Amino acid sequence: MRRCPRRFSLFVRHRARAAVIAWVAALLLVAACSGGAAPTNPPTGPGSAPSVPRPTLPPVELGKIPTADPAVHVFLWGNPRTTQRDLNLARDAGFTWVKQRFEWRNVEKNGKGQFEWQEPDRVMQAIGDSGLRVIARLDNQPRWASSKITFPASGPPDNQKDWTDYVTALAARYKGKIQAYEIWNEPNLAREWGGQKPDPAAYTALLKASYQAIKAVDPQALVISAGMSPTTESSDNAMRDMDFYRGMYAAGAKGSFDLLGAHMPGFKGDPCQDPAQVAADPSLTNPGDPSPTELKRVYAFRHVEDVRALMVEQGDGDKQIAVLEMGWTTDPRPGSPYLWHAVSEDQQAKYLVAGFQCAREKMSPWLAFTTVIYIPDPQWTPSQEQYWWSITNPDGSPRPAYTALKELLTK
Numbered sequence: 083m084r085r086c087p088r089r090f091s092l093f094v095r096h097r098a099r100a101a102v103i104a105w106v107a108a109l110l111l112v113a114a115c116s117g118g119a120a121p122t123n124p125p126t127g128p129g130s131a132p133s134v135p136r137p138t139l140p141p142v143e144l145g146k147i148p149t150a151d152p153a154v155h156v157f158l159w160g161n162p163r164t165t166q167r168d169l170n171l172a173r174d175a176g177f178t179w180v181k182q183r184f185e186w187r188n189v190e191k192n193g194k195g196q197f198e199w200q201e202p203d204r205v206m207q208a209i210g211d212s213g214l215r216v217i218a219r220l221d222n223q224p225r226w227a228s229s230k231i232t233f234p235a236s237g238p239p240d241n242q243k244d245w246t247d248y249v250t251a252l253a254a255r256y257k258g259k260i261q262a263y264e265i266w267n268e269p270n271l272a273r274e275w276g277g278q279k280p281d282p283a284a285y286t287a288l289l290k291a292s293y294q295a296i297k298a299v300d301p302q303a304l305v306i307s308a309g310m311s312p313t314t315e316s317s318d319n320a321m322r323d324m325d326f327y328r329g330m331y332a333a334g335a336k337g338s339f340d341l342l343g344a345h346m347p348g349f350k351g352d353p354c355q356d357p358a359q360v361a362a363d364p365s366l367t368n369p370g371d372p373s374p375t376e377l378k379r380v381y382a383f384r385h386v387e388d389v390r391a392l393m394v395e396q397g398d399g400d401k402q403i404a405v406l407e408m409g410w411t412t413d414p415r416p417g418s419p420y421l422w423h424a425v426s427e428d429q430q431a432k433y434l435v436a437g438f439q440c441a442r443e444k445m446s447p448w449l450a451f452t453t454v455i456y457i458p459d460p461q462w463t464p465s466q467e468q469y470w471w472s473i474t475n476p477d478g479s480p481r482p483a484y485t486a487l488k489e490l491l492t493k
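Per the numbering used here, the sequence shown runs over residues 83 to 493.
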């Protein structure tokens with residue numbers, strides 16, 4: 083973004099005409115420098131020209147993303163003081179992608195068409211200057227867009243066109259700058275779907291509309307379906323991830339994404355351990371899970387191979403899978419639902435390295451980028467579960483996992 087002076091001194095001489103000319107010139111200069119609407123400016127429509135410089139990175143070639151191309155989830159939004167620090171951490175460790183949330187409620191929060199571009203412009207400028215590619219996660223409706231969901235829960239809007247108008251505006255503004263879009267997060271959980279029972283057909287309708295909106299303005303951008311939470315539960319609160327994927331295909335999702343999204347959280351087994359062995363070993367699965375053994379394959383890192391098999395079964399084997407979350411927790415808190423599979427910081431480091439190595443050995447060429455969680459939000463504290471998955475501390479200091487990954491990825 084262009085740098086501009088903060089103040090303008092207009093020296094008016096003796097003629098009113100000179101004053102008018104100077105005044106108009108100042109307005110034009112302010113408009114040119116600001117590059118778009120300020121946070122509370124009037125609406126900026128979907129067709130507005132981008133204020134962010136065009137990228138120098140070449141487009142990503144569909145189907146040919148390197149196996150386990152390293153990505154990391156960052157939290158730049160609302161954190162200008164740590165933005166460059168965290169981007170440096172990502173780049174220096176050898177990550178080539180960063181995943182960043184672009185929550186609908188933060189961009190169009192005050193009403194239909196009232197887009198606030200200052201913060202996303204800042205974030206995109208910083209990422210672009212760092213030479214990293216972007217996976218933009220889109221979700222979280224604003225209060226005005228959904229009357230059926232208790233805010234701040236995340237869920238689908240009343241009017242799907244409101245959502246696609248937002249998606250269109252974002253994709254048009256950052257055409258060529260955002261390389262990939264993740265459409266929603268874990269819709270197989272009710273808590274991510276407005277408290278409603280998970281509905282693969284409804285999610286597929288949202289995905290289809292999003293795909294069409296993005297491709298209409300930026301055909302080279304990649305569209306990724308949401309990563310699912312690996313779960314054995316089947317209730318109003320959750321749907322098994324494999325059942326949800328099948329429901330998506332049954333609803334016609336096949337032609338509405340470029341990569342299928344998946345989550346690969348580590349549990350207790352070695353990353354390269356066979357899913358059947360993990361499922362059969364009670365010490366490696368949730369002790370409170372009464373599910374049949376065959377469903378407990380979700381506790382294996384390599385459960386993603388089951389997702390791949392389903393894609394092939396559905397005639398979608400030419401597409402890659404994008405891992406949108408990968409990690410191991412070190413959560414030691416009494417009563418935490420993650421305590422049963424928590425590992426030490428040293429084990430977390432070893433498992434992350436082994437996970438990348440296993441992916442490259444067993445999942446080539448169908449596994450695309452692999453997103454590590456997290457370089458954390460600087461405001462996180464030990465009372466939050468996300469804190470314990472992170473590979474650095476909120477102050478930017480490295481944990482063993484960061485150091486180990488840096489050694490692996492920068493060889």
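Worth flagging that the hints you see were computed from the coordinates, not collected in a lab. Quick caveat: nothing in here was measured; it's all calculated off a predicted structure. The beta-carbon is built from N, C-alpha and C at its ideal position, and this holds for glycine as well. Check each hint, because a few of them may be wrong.
Claimed, not checked - DEER-style ranges, computed between Cβ atoms:
(1) Lys336 with Gly258: 23 to 31 Å
(2) Gly334 with Glu376: 21 to 29 Å
(3) Gly399 with Gln302: 16 to 24 Å
(4) Ser446 with Pro141: 19 to 27 Å
As the list claims (entries may be wrong) - Using 25 Å as the maximum straight-line C-alpha spacing, the simulated DMTMM-like pairs for lysine to aspartate or glutamate come out as follows:
(5) Lys290 with Asp352
(6) Lys488 with Glu427
(7) Lys444 with Glu489
Find the hints from earlier in the document that the structure breaks and name them by number, from lowest to highest. The structure breaks only hint 5.
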